[in-house]
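Peer 1: Kindly produce the complete structure, drawing on both the sequences and the hints.
There are 2 protein chains.
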Amino acid sequence: MVIGILGAGQLARMLALAGKPLGLKFIFLDPTPIACAADNGKHLIGDYTDPKLLTQLAEEADIITYEFENVPVEIIDFLSEKTPVYPPAKALSVGQDRITEKNFLQDLGIATAPFKAVSSLEDLQQAMPEIGYPAILKTRRLGYDGKGQVVLKSENDLSNAWQAVKNAPCVIEGFVPFEREVSIIASRSVSGEIAYYPLSENSHDKGILRLAKNTRNDPLQQKAEAYIDTLLKALDYVGTLALELFVVGDTIIANEFAPRVHNSGHWTIEGSETSQFENHLRAITDMPLGSTHSIGYSAMQNFIGGVPASEKLLALAHVHLHLYDKTARKGRKIAHATARTDSAENFADLIKQLSELAAASDDS
Amino acid sequence: MVIGILGAGQLARMLALAGKPLGLKFIFLDPTPIACAADNGKHLIGDYTDPKLLTQLAEEADIITYEFENVPVEIIDFLSEKTPVYPPAKALSVGQDRITEKNFLQDLGIATAPFKAVSSLEDLQQAMPEIGYPAILKTRRLGYDGKGQVVLKSENDLSNAWQAVKNAPCVIEGFVPFEREVSIIASRSVSGEIAYYPLSENSHDKGILRLAKNTRNDPLQQKAEAYIDTLLKALDYVGTLALELFVVGDTIIANEFAPRVHNSGHWTIEGSETSQFENHLRAITDMPLGSTHSIGYSAMQNFIGGVPASEKLLALAHVHLHLYDKTARKGRKIAHATARTDSAENFADLIKQLSELAAASDDS
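Chains as they are written, first to last, in the numbering used here: chain A, 43 to 406; chain B, 43 to 406.
Don't take each hint at face value.
One copy or two, either will do: identical chains are not told apart, so a pair holds if it fits within one copy or between any two.
Stated by the list, open to error - Taking lysine-lysine pairs in the BS3-like style, the calculated list, with each CA pair at most 30 Å apart, reads:
(1) Lys67 x Lys375
(2) Lys368 x Lys67
(3) Lys94 x Lys84
(4) Lys84 x Lys375
(5) Lys124 x Lys158
(6) Lys124 x Lys354
(7) Lys124 x Lys372
(8) Lys132 x Lys67
(9) Lys368 x Lys124
(10) Lys275 x Lys354
(11) Lys67 x Lys372
(12) Lys248 x Lys375
(13) Lys368 x Lys84
(14) Lys354 x Lys67
(15) Lys67 x Lys84
(16) Lys394 x Lys372
(17) Lys354 x Lys368
(18) Lys195 x Lys208
(19) Lys124 x Lys394
(20) Lys189 x Lys372
Because the hints were derived from the structure by calculation, they are not lab data.
Peer 2: As structure tokens, this is what we get:
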């Protein structure tokens, strides 16, 4: 069976590496001539909107999926006429606009931060008394890794912030005084089977995920599962979905969801019986989902802009290296490493060593 | 860094899948136009003895390795003039002739079955009183998976057996009344670091490995490690090496070694902190070796000639499927599955289920 993937970055690469043992073959559409997933199958080089290449992709693939959430919905509609595409277009159309997304979540009874749509500086000025400071101004569309976001601390920031977002339609969000950032990842198959991963506890810096840690028995696991369960069913979702959450006491508040495998789930490669990548592929090919049972303690460290020498990382017992075969560039995710151990004993030390190595090579 | 591999079968495929996360790229030389590792890198299609292709391989690869032990030593010598080749040619030249191999083992103090070189029916007849019945007649060269082997139960079998081996130079081996067949796998790096895997307990049928099981704390582990340690050093070995052993009481007797990753170590993909494939690559690229710590209980089931439907295998929790993307053909290894669990409790049941599925699809 051939899986078509829109995008040939690291997520597509890890999907392919997980899918080959299942007997799957891969074809990628990506405009970058040297794309890091490309040598795992066939690479169609060209624009995501090129109807000829999209037709070829739909003809050569049995099932199509994507690795990024900004795929125009029309492309999914175009492809779907020939070949099944998962996750469904609805997940994209809801998720691509922060206002639609938040309304959708709230309608499902999933709490979000207070928010308001703003289309002008005047809108923003009017909204602030209700939203309060601090607050975050985000473009409604096309944001990721903290891009298209500005923090507002007081009235004095409004005008500069509005210039920074270049007049784009925005959402102003009240700041959630969170104690922790977590995410829940789950996979749902064509047949409707669902597998939930344990909550991942995530640390960000400069808007980019740095460390993601399997919480194992998080007290909020059940609540988070109930949220993502509702969301999966409301979207008639197929594939792996990630829901980012803020934790305030014993309350969880949804930040946003990503209709794809997610950076905060990379530790599942070593730390779960079945990885998020394999379960995404099992889900879209309608195979039974694999166990998400945790194998010991695990955490993932991202490497941004630079990566320590392999000798150093591989010299740490219990550390697994994942280089993405991408050129180092300021702020670019180019690798990650997962620490996995059977006992909690030296786990914190190991994470510390890994984070120190990451900090020394960081260029974000 | 680019790794060149002679052969593009399932072992090369699993090497590539293990090596990509380490940032390695792959180039394969294999005469089969549709070879199962091929879509993991560049595939040079042609004969292993083609000097033009060998030159290209040596030019494009930084380090060369191989997935089968019948590579002519002259080819290694040819390649080595341009590019390092591991494991070293000595491991091939010793291992390719059963008499040389057994003498080499005995000289190192490693016990073998009684044996004698025979080149004619007369030799065989003369040797039998000393070797005794039952015995196994094996061609000195080019045997694998029980090919080129005939069991001799009495004098009456001699003449037919000699016809079966077609007058090839042979070794006659006394039968070892073994209680168990095990193998030890170890990796040794360019710098001389060694990592040993736990003994694998192996079951064969029709000369082909069926089930390989991580024994974890085998009482013979230390003896086996001492054997392979001696062998690795005597061969000045670099890479992963497998030594097959017979167990009689608390004695171990060497059967043969394989200078490559080995079928009895496939459970290390899920069942060890670092797989035999990753450690082979770490060894030949002179990286620190990874921990061989066992992750729970694991065993591998081979699928010969046929493979159960993926739905059935993936429906078993704790089972990991490895299809090799090879066409089914009588007697051909086309897939394996690994059962891995955290507790011993249902492990035997799981293996039984897996073996029953394998038996139902078997065509060997």
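Peer 1: Against this structure, judge whether each hint is valid.
Peer 2: Hints, one by one, checked against the model:
1. In the homo-oligomer, the alpha carbons of Lys67 and Lys375 lie at most 30 Å apart both inside one protomer (26 Å) and across protomers (20 Å), since each shortest distance falls under that limit.
2. For a Cα distance limit of 30 Å, the shortest separation of Lys368 from Lys67 qualifies both inside one copy, at 22 Å, and across copies, at 13 Å.
3. For a Cα distance limit of 30 Å, the shortest separation of Lys94 from Lys84 qualifies both inside one copy, at 16 Å, and across copies, at 26 Å.
4. Taking CA atoms no more than 30 Å apart as the test, Lys84 paired with Lys375 passes in both settings, with 24 Å inside one copy and 26 Å between copies.
5. When the C-alpha separation of Lys124 and Lys158 is checked against a cutoff of 30 Å, the pair qualifies neither within a copy, at 39 Å, nor between copies, at 66 Å.
6. Proximity of Lys124 to Lys354 under the C-alpha cut-off of 30 Å is restricted to the inter-copy arrangement: shortest distance 29 Å between copies versus 48 Å within a copy.
7. Taking the shortest alpha-carbon separations for Lys124 and Lys372, neither the intra-copy value of 40 Å nor the inter-copy value of 37 Å comes in at or below 30 Å.
8. Only within a single protomer do Lys132 and Lys67 lie at most 30 Å apart by alpha-carbon distance; the minimum there is 26 Å, versus 38 Å between protomers.
9. When the C-alpha separation of Lys368 and Lys124 is checked against a cutoff of 30 Å, the pair qualifies only between copies, where the shortest distance is 28 Å, while the shortest distance within a copy is 33 Å.
10. In this assembly of identical chains, the alpha carbons of Lys275 and Lys354 lie at most 30 Å apart only when taken from different copies (26 Å versus 45 Å within one copy).
11. Proximity of Lys67 and Lys372 under a CA criterion of 30 Å is satisfied inter-copy only: 24 Å between copies versus 33 Å inside one chain copy.
12. For a Cα distance limit of 30 Å, the shortest separation of Lys248 from Lys375 inside one copy, 13 Å, qualifies, whereas the shortest one across copies, 50 Å, does not.
13. Both within a single protomer and between protomers do Lys368 and Lys84 lie at most 30 Å apart by alpha-carbon distance, with minima of 18 Å and 19 Å respectively.
14. In this assembly of identical chains, the alpha carbons of Lys354 and Lys67 lie at most 30 Å apart only when taken from different copies (20 Å versus 34 Å within one copy).
15. Both within a single protomer and between protomers do Lys67 and Lys84 lie at most 30 Å apart by alpha-carbon distance, with minima of 9 Å and 16 Å respectively.
16. Within a single copy, Lys394 and Lys372 get their C-alpha atoms as close as 23 Å, which meets the 30 Å cut-off; across copies the closest is 53 Å, which misses it.
17. Within a single copy, Lys354 and Lys368 get their C-alpha atoms as close as 19 Å, which meets the 30 Å cut-off; across copies the closest is 38 Å, which misses it.
18. Only within a single protomer do Lys195 and Lys208 lie at most 30 Å apart by alpha-carbon distance; the minimum there is 19 Å, versus 88 Å between protomers.
19. Taking the shortest alpha-carbon separations for Lys124 and Lys394, neither the intra-copy value of 49 Å nor the inter-copy value of 42 Å comes in at or below 30 Å.
20. For a Cα distance limit of 30 Å, the shortest separation of Lys189 from Lys372 inside one copy, 14 Å, qualifies, whereas the shortest one across copies, 57 Å, does not.
In this structure, the hints that do not hold are numbers 5, 7 and 19, in rising order.
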